[in-house]
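These protein sequence lines are chains D and Z, in that order. The numbering of the first sequence is the numbering used here, which starts it at 1 and goes up by one. The numbering of the second sequence is the numbering used here, which starts it at 1 and goes up by one.
These are computed hints drawn from the structure, not numbers from a lab. Hints should not be assumed to be uniformly reliable.
Heads up, the list lumps identical chains together, so a pair's fine if it works in one copy or across two of them.
Only pairs whose alpha carbons sit at most 27 Å apart, straight line, appear in this in silico DSSO-like list of lysine-lysine [to be verified]:
id, residue 1, residue 2
1, K381, K121
2, K35, K466
3, K609, K403
4, K54, K240
5, K219, K105
6, K345, K134
7, K140, K606
8, K466, K231
9, K148, K105
10, K412, K591
11, K594, K639
12, K35, K231
13, K234, K463
14, K45, K677
15, K54, K625
16, K261, K21
17, K319, K214
18, K21, K234
19, K345, K130
There are 2 protein chains.
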Amino acid sequence: MIPHIDSVIVENVSPQIDGGKFPVKRTVGDTFHVKADVFSHGHEKIRVVLRIRKTGEKKWTEIEMIPEINDRWETSYVLTENTTYEYTIFAWRDPFLSWAEELGKKYESEQDITSELLEGKKLIGNASIKADKKEAGFFKQILSYFDKELEPFQTTEDLLKMVDDIEKRIKTDKPVETQLHKMRGLLEDLIHEKSLIPPSQDPVKEIILGEELKVMMMKYPDQSDYGEYDKILKVFVNRKQAEYGSWYEMWHRSQGKIEGKSATFDDMISRLPEIRDMGFDIIYLPPIHPVGITNRKGPNNSLICPPGNPGSSFAIGNKHGGHMAVNPEFGTLEDFRRFITECTKNNMEIALDLALQTSPDHPWVKEHPEWFYHRPDGTIKYAENPPKKYEDIYPLNFNTGDKEGLWMEIRKIVRFWMEQGVRIFRVDNPHTKPVYFWQWLIDDIHKTDPDIIFLSEAFTKPKMMKILAKAGFTQSYTYFTWRNFKQELEEYFTELTQDSVSEFMIGNLFTNTPDILPVVLQNAPRSAFKMRAILGATLSSTWGIYNGFELCEGTPKPGTEEYLNSEKYQYKVWDWDRPGNIKDYIARLNKIRKENPALQHYKNLKFYKTENDNIIFYGKMTENKQNIIFAAVNLNPYKKQESFVYVPVEDLLIQPDESYQVIDLITGQKFYWKGSKNFISLDPDKEPAHLLRVNKWSYKEQDFDYYY
Amino acid sequence: MIPHIDSVIVENVSPQIDGGKFPVKRTVGDTFHVKADVFSHGHEKIRVVLRIRKTGEKKWTEIEMIPEINDRWETSYVLTENTTYEYTIFAWRDPFLSWAEELGKKYESEQDITSELLEGKKLIGNASIKADKKEAGFFKQILSYFDKELEPFQTTEDLLKMVDDIEKRIKTDKPVETQLHKMRGLLEDLIHEKSLIPPSQDPVKEIILGEELKVMMMKYPDQSDYGEYDKILKVFVNRKQAEYGSWYEMWHRSQGKIEGKSATFDDMISRLPEIRDMGFDIIYLPPIHPVGITNRKGPNNSLICPPGNPGSSFAIGNKHGGHMAVNPEFGTLEDFRRFITECTKNNMEIALDLALQTSPDHPWVKEHPEWFYHRPDGTIKYAENPPKKYEDIYPLNFNTGDKEGLWMEIRKIVRFWMEQGVRIFRVDNPHTKPVYFWQWLIDDIHKTDPDIIFLSEAFTKPKMMKILAKAGFTQSYTYFTWRNFKQELEEYFTELTQDSVSEFMIGNLFTNTPDILPVVLQNAPRSAFKMRAILGATLSSTWGIYNGFELCEGTPKPGTEEYLNSEKYQYKVWDWDRPGNIKDYIARLNKIRKENPALQHYKNLKFYKTENDNIIFYGKMTENKQNIIFAAVNLNPYKKQESFVYVPVEDLLIQPDESYQVIDLITGQKFYWKGSKNFISLDPDKEPAHLLRVNKWSYKEQDFDYYY
């Protein structure tokens, strides 16, 4: 009738997302900081542990938590594996610590402690039962001190009792010899041990209330009066590449040299060393599957497609197959595997597009018409968002009566490409499919293959973008291309990296995409491309470019954010060494990223004050502050800008009037700065940005080996 | 194998506490505002409803929610009953609204809509099945418009098919007469109806996409593709007195006229009219039970209690009984019931103390020794917090092996006093008992008697104070007596009334208690008492004084926050009309509270700017802004203070240069103010505060009946 109740309150555990509905995310090697409000009624002392384990394990690892102020407890744990961990909080009213505190206070105020000592013996005795032989010896020794402390008082009490007894016996005229004999023995013992006079309390107090006993007793606590957090939370630990990577989007068929003809995997392979030399480590390919014929789109998305045009790579499927087939123009599946092997040799991996839609010629259209949407006349609906029509694309009905068939087939597709060596998927328009479909799919994949990275192309409303990340996507595209000015950059990237959003989402900053040529880059000077590159490469730990960016390609289809004559709809041949390119600059940026761990973390971004709205100033540092990087970027690609910038010297353990060196990692230039306020000047015709590493004057003459 | 998944995401529902673990709280008559983030994949239109019902009901009431910006939806519902309501959110992808939007866009861009019209017919047909006869008639009429819209195209298509057919027959030389005959008939029909020329689309469009059809279709929605919030949340609705009340703590035995002798219930009754005239509506009594003899405390908490002293009322129980008995000094249970009846006659109710502890002479000590804590020698432990000892008090062990026995006995005590007419309990030191014991107890009581109010005397750490409120306590004592200066008052009362805290806790502001004579009142002038009274009476909607405050009693036990010769430990006789009292002032304050609904709400407090740290300025208004009150208080009881204060004219719908009248409700004085910035001067020797009601010049000559 009366329920079990927790005696200790555990609430407000952080981190967590939506009350534990979704796992928080971290990266292998991260120190995982956990906090909780923990307290109990009355003035009993409590102990609190973080319980953590890998999913599937039964046994918890327990980490002692430490009280901060206002009943907030915290601890941390290093996450070493690419897997899902579970964690929760357990706490208990600790009789030993409470006893020790009360005993200490009574010692202090010189109150009688007999009762407390007897209670202490019981507590230690209980711990002793659980202890090993050596430890039990320790406890035994400690108990002897207790007895010593108790003895004189016990013995005198015993003696008093005996006197009482003898008096009674005398009154009732019973023999008293035995009693007197016992008393004599006891008295002799006491005289021999000289313990009638209580020993000086202090050394015994030190032992009884000492650190050694406390440590041992904390090892064998009485946890019977406990409380625990009412949820088991989860943290999904990604591999390093989920947080840190440099992406190159390669439009596959444009990597060749023959006009009007598709490149092959061999053509793509021949470009790998050059892309590697730019410092990229992930090659992202749009869909590599056969392209539909029916309603194929012509150049510039026209409805008429003259013969010999390739059509959109996103209109997937024709007689050669669907999502598990390779476009014969590129080569064979075998060639694709060779491409992956070559990527690996060049220390790169590939990201494949997962675009869940078909052309009207996809094999599914005939085999599984029930997976599509139908008009009243029975025909299949193409994609449309009135007045726009996508006649070459059939969307899939994820709520089809044959959900089992469709969903399992998609799972099969993902696992098929995983078997070919693909460990990263870039997912096309995930926000047009049910969110919880993705949760189901990604959970399923991560159960066996936690290293798989999913990048969400959700250029959509903020809450949808976020829930896709909560539901399992590793990374997300962001609004980066639409954030150009200081205040909006600071606000947006503070939200993404500092607030609760970074608990579940990592923003991958692409400077451009096949669909987006941002206005800032349209017919723009090299300085604009350099400026956007450095922002992408340093605001987030993971960034990317779509090919052509390195060539400063910026010709728009007038009045749009699209590229003119986009290779999305036609064959194209590029001169990859076109004059005016910024390949060296990009290579430099990626090299700096590789050499500076501060830039490989996502959540450590902080913005600092400048006095010019055209200059943005921000920094990143490692948790141990061994690597400190600042970026000062001129956001105006057309005009020189100057400003004072304010270095957070207090965070760097630099004195307000201390001098230190900063090195521009792009130019190699050195500056001597002092205190917080320092002057910078950025001419876009030379360099639109400083990327500075701080060198503290960390060595003093006293540190020199022979100084003393 | 494939799970059911929600197609609509519902998250971030507010209000809620700790993910729905505890109910939020409101007061009867409150408008309950509910918000949620709701969205779905793709571009399907969604509809969202708040589902709300009284606990125990099966059927939900559904209230349509309205989208704000960024996928946030909101609605409100008036809570009319003192009970627990349940609420959640239900949402669905609405095929009709999606269809209407798409059709509208296609009309707009003049695309073919045949397919959409056929889909629309199906949707309306489905709704029609659920509709009543009259509504079905409406749908039938609408469908005829659809047919009209479809007809010409259908018919011309039919004609084309017939022509095809005739051509085929001619080729295969079959007779064509019948076919031609049919065609003639059809043509004649068409000519007769003149419908070969499509009717002008606009009027039909208006009907098909009109408001009338939309309203009817929204009444019979297709909710098959839905999503719902994954929790059912609760809101506990208190009776009005939980939010609004004026409390008078009456030290029962000091209400008489004979020195050295306890007052009786009759003495207490004789004081009721006077307390009623001060405007109080709740009389709070300390424990009224028999007091222990063993280790009884003497005057000023001394260990030696000379004969004829009453002891602490909190050392409950002696041979006359325990928590269900009445101290014979006061009278009988019958007398107590009479006291309650007299309170009711004076429009007051009583609050009884619930102090869960005993004296060593309580009947439980013998009947249930297992309910107490024991020393190793078997004796019962008295309460202590070393070095402090409370020898006259035995604490209860709420984790006793006989939890069932103890807890049910406490429940019995509460229900016993409820039967005598007590509907409010002030609970002594709840933070020394398990929090979830209180949750169990209060839940149990509220299940049958939701009108019972529990006031928590948790003068303890902030998180404990809060969880007790979450766990069920209606009101809590606060740190009010320790908040004296402008910044700390603003910070603390913003936290209590504006932040998430007010979702579950109402702070009852006592100016003083038997344990607390705040420094600001020690040997202080009347102005200090008036100043603290007005703060208490207006910062919260529920406040109280402990008797003696109205007499400006301020003599401390030196060096403490206690009263000298506290009546907690001795008999006392007061002159309730002692010169220098502020009874009229308190009466005035309580009258103003009664007449101004803005002061009867807890969460509507807002602080405004002044230019003098000694003057605090704040306001309260009703949701409809019909009643607007400002308080300007001089926090320095010793010196006149002046300042500009800044009225939030934009919130009051007053123009920046508009004039308006404010009336000081204490003095009746009127001021003419203009715009935001206005000057005030507060002399503590006269009045330490203005309590102002705003009168807008709401009538213009144009409003005058005969103006036009």
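Consistency of the hints with the structure:
1. K381 with K121: between (81 Å within a copy, 18 Å between copies)
2. K35 with K466: For K35 and K466, both the intra-copy (24 Å) and inter-copy (18 Å) Cα distances are at most 27 Å.
3. K609 with K403: neither (54 Å within a copy, 61 Å between copies)
4. K54 with K240: Result: close within a single copy only, 18 Å intra versus 51 Å inter.
5. K219 with K105: Intra 24 Å, inter 71 Å, cutoff 27 Å: intra-copy only.
6. K345 with K134: Neither. Shortest intra-copy (56 Å) and inter-copy (75 Å) distances fail the 27 Å Cα cut-off.
7. K140 with K606: neither (56 Å within a copy, 64 Å between copies)
8. K466 with K231: both (23 Å within a copy, 21 Å between copies)
9. K148 with K105: within (20 Å within a copy, 94 Å between copies)
10. K412 with K591: Cα proximity of K412 and K591: none, with 38 Å in one copy and 76 Å across.
11. K594 with K639: Neither: 30 Å inside a copy, 67 Å across copies.
12. K35 with K231: Classified as both: same-chain Cα gap 14 Å, cross-chain 25 Å, threshold 27 Å.
13. K234 with K463: Close inside one copy (22 Å) and across copies (25 Å); limit 27 Å.
14. K45 with K677: This pair counts as neither: shortest intra-copy Cα distance 48 Å, inter-copy 53 Å.
15. K54 with K625: neither (30 Å within a copy, 56 Å between copies)
16. K261 with K21: neither (50 Å within a copy, 63 Å between copies)
17. K319 with K214: neither (76 Å within a copy, 45 Å between copies)
18. K21 with K234: both (9 Å within a copy, 19 Å between copies)
19. K345 with K130: neither (56 Å within a copy, 66 Å between copies)
In this structure, the earlier hints numbered 3, 6, 7, 10, 11, 14, 15, 16, 17, 19 are contradicted, and the remaining ones agree with it.
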